[in-house]
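Quick note, the sequences are listed as chains A and B, same order.
Take 43 as the starting number for the first sequence in my numbering and just add one per residue.
Take 43 as the starting number for the second sequence in my numbering and just add one per residue.
No lab work stands behind these hints: they were computed from the structure.
One thing to keep in mind: the hints can contain errors.
Pairs involving identical chains hold if they fit within one copy or between any two copies, as the list cannot separate such chains.
[Said to hold, decoys possible] As a list, the in silico DSS-like pairs of lysine-lysine whose alpha-carbon atoms are at most 30 angstroms apart:
#1 K310 x K232
#2 K278 x K79
#3 K278 x K310
#4 K278 x K232
Protein chains: 2
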Amino acid sequence: MDQTTGFLGLGSMGLPIARNLARAGHRLRVYNRTAAKAEPLREFENVTIAHTPLEVAEPGGVVLSMLADDNAVTQASEGLAEVLGPDGLHISLSTIAPTTATALAAQGCGFLSAPVFGRPDRAESAELIVLSAGEQRHRERARPLLEAIGAAVHELGEDPASANGVKLAGNFLIMSALEAMSEAFAFAEKHGVPRELAAQVLTTTPVLGNAYRGYGAAISSGAYEPAGFALRLGHKDARLVAQAADRLGVPMPIIDLVANRFTAAENKGRGDLDWSALAIEVFESAGLDQADPR
Amino acid sequence: MDQTTGFLGLGSMGLPIARNLARAGHRLRVYNRTAAKAEPLREFENVTIAHTPLEVAEPGGVVLSMLADDNAVTQASEGLAEVLGPDGLHISLSTIAPTTATALAAQGCGFLSAPVFGRPDRAESAELIVLSAGEQRHRERARPLLEAIGAAVHELGEDPASANGVKLAGNFLIMSALEAMSEAFAFAEKHGVPRELAAQVLTTTPVLGNAYRGYGAAISSGAYEPAGFALRLGHKDARLVAQAADRLGVPMPIIDLVANRFTAAENKGRGDLDWSALAIEVFESAGLDQADPR
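Bound conformation, chain A alone:
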């Protein structure tokens, strides 16, 4: 902690993250384009406010960035790599394209991808879920910083782009859940159950948490037998949903998609496997083996 750490980007996520780093005793030099957003950090003796982005960096030092998108990160890091040099480390917390991470890693300073899961309230309480991918020495150097802002740090290997791939996969799961919940609540409401009640029953019980943990493990390991719930029964339920949705006038694009997966899986003789075996169809369509090919 004898070194000063740079921090770029004090938006709704960056500010609470920087605050937690300061609370943990890290000496920080922070910068934000809109200077007023740095004001709340003045209360910390160990934080100094910079007037230009490059000012937060020093040769061989560490800079974290939490910026809005790929362009912002790419622009900010142009001069950064030059100042940091080969012994420096840029830790990118932003959600950016895996290809952007690969490009940033080639800029001449050390680079670590460390995108995070969690909204501002989790950032505030230092309970983010942090992904970390890059060279092992970079991951080790970054760990005390990342542990100060998160409830867990998951290390995903040597290739920085991997962390961005998993972060996007996670955001995709959340988007899918938003769409699916919206469809499900509309469906329930057309059956006379107010959406608030449907939300309470369906999302505060362990039903879905159990489904992700249990089925996530089954799908990833290919454990589709013995069936806890046979795929042909899942198909039957998909038909019931589709029929009721049609009868009550609820457009539910996901049910059509899933029903077709079940049809394909049954045609391929998978009706007696667990309904999670619809995953085989998805992996095959991606050119992936059922068993992990690597």
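Start from chain A and add chain B according to the hints.
Chain B alone, transformed into the frame defined by chain A:
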């Protein structure tokens, strides 16, 4: 508990459910088409095995059924209603169409829809999530039985079909999660992260549980401001997923669907709302108001 309760259907769900009722001290008369499946219940002194389905019923009594599909329930209940009579109660635990529940409720005996969430292991440990809908007196009469088999009993009102609507909505959410996880794991694996690791990071952390609880409440109450994560940023991430999926050859039908939702929402001026505001589009498409219309 001085009355004998009938039980029809001793499959992978019915058997452990009947066993928990017997353990709780309820006197049971059980029937299964394949008689051998009743054998494990012989150890209970308070269980008798019937030779015909109608034998489990008595005038004014209670019969629970846990059968494979709508046809099986409809067939079984034909004679049942006649034997049970107007003071009797048929409690249907099966996942059937809401319209089938409505038809069964008109057969002349009391009828309660009580479909359950949980696989055989949860049935075994009496940790099912039980839905209950029908006349209040039926729900009250059924409660001791339902509490003996579940961790929670959610009462959903007077119309039996409501419980089946919510049960199908829940199964739909699980199917959607199966499809979304399969797509997400394929995506992560194409980024060099084995699906087992992706599953572990994405499904055993609180990320998704928090998303369902937090966003479920936001969507059902229409609380899209202030944005924890702006819809236009969600749209940006949807584009990043779609681009990476295309580049790496991962068909991801859900991302196309969700990206189009975000596009429509932005076109309607909702870019600064929380990304969960994609729900407005879904509710509108179902002819439902943003505020609960009832």
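Hint by hint, here is what the structure shows:
1. K310 x K232: For K310 and K232, the Cα distance is within 30 angstroms only across copies (25 angstroms; inside one copy 35 angstroms).
2. K278 x K79: between (54 angstroms within a copy, 23 angstroms between copies)
3. K278 x K310: within (17 angstroms within a copy, 37 angstroms between copies)
4. K278 x K232: within (21 angstroms within a copy, 32 angstroms between copies)
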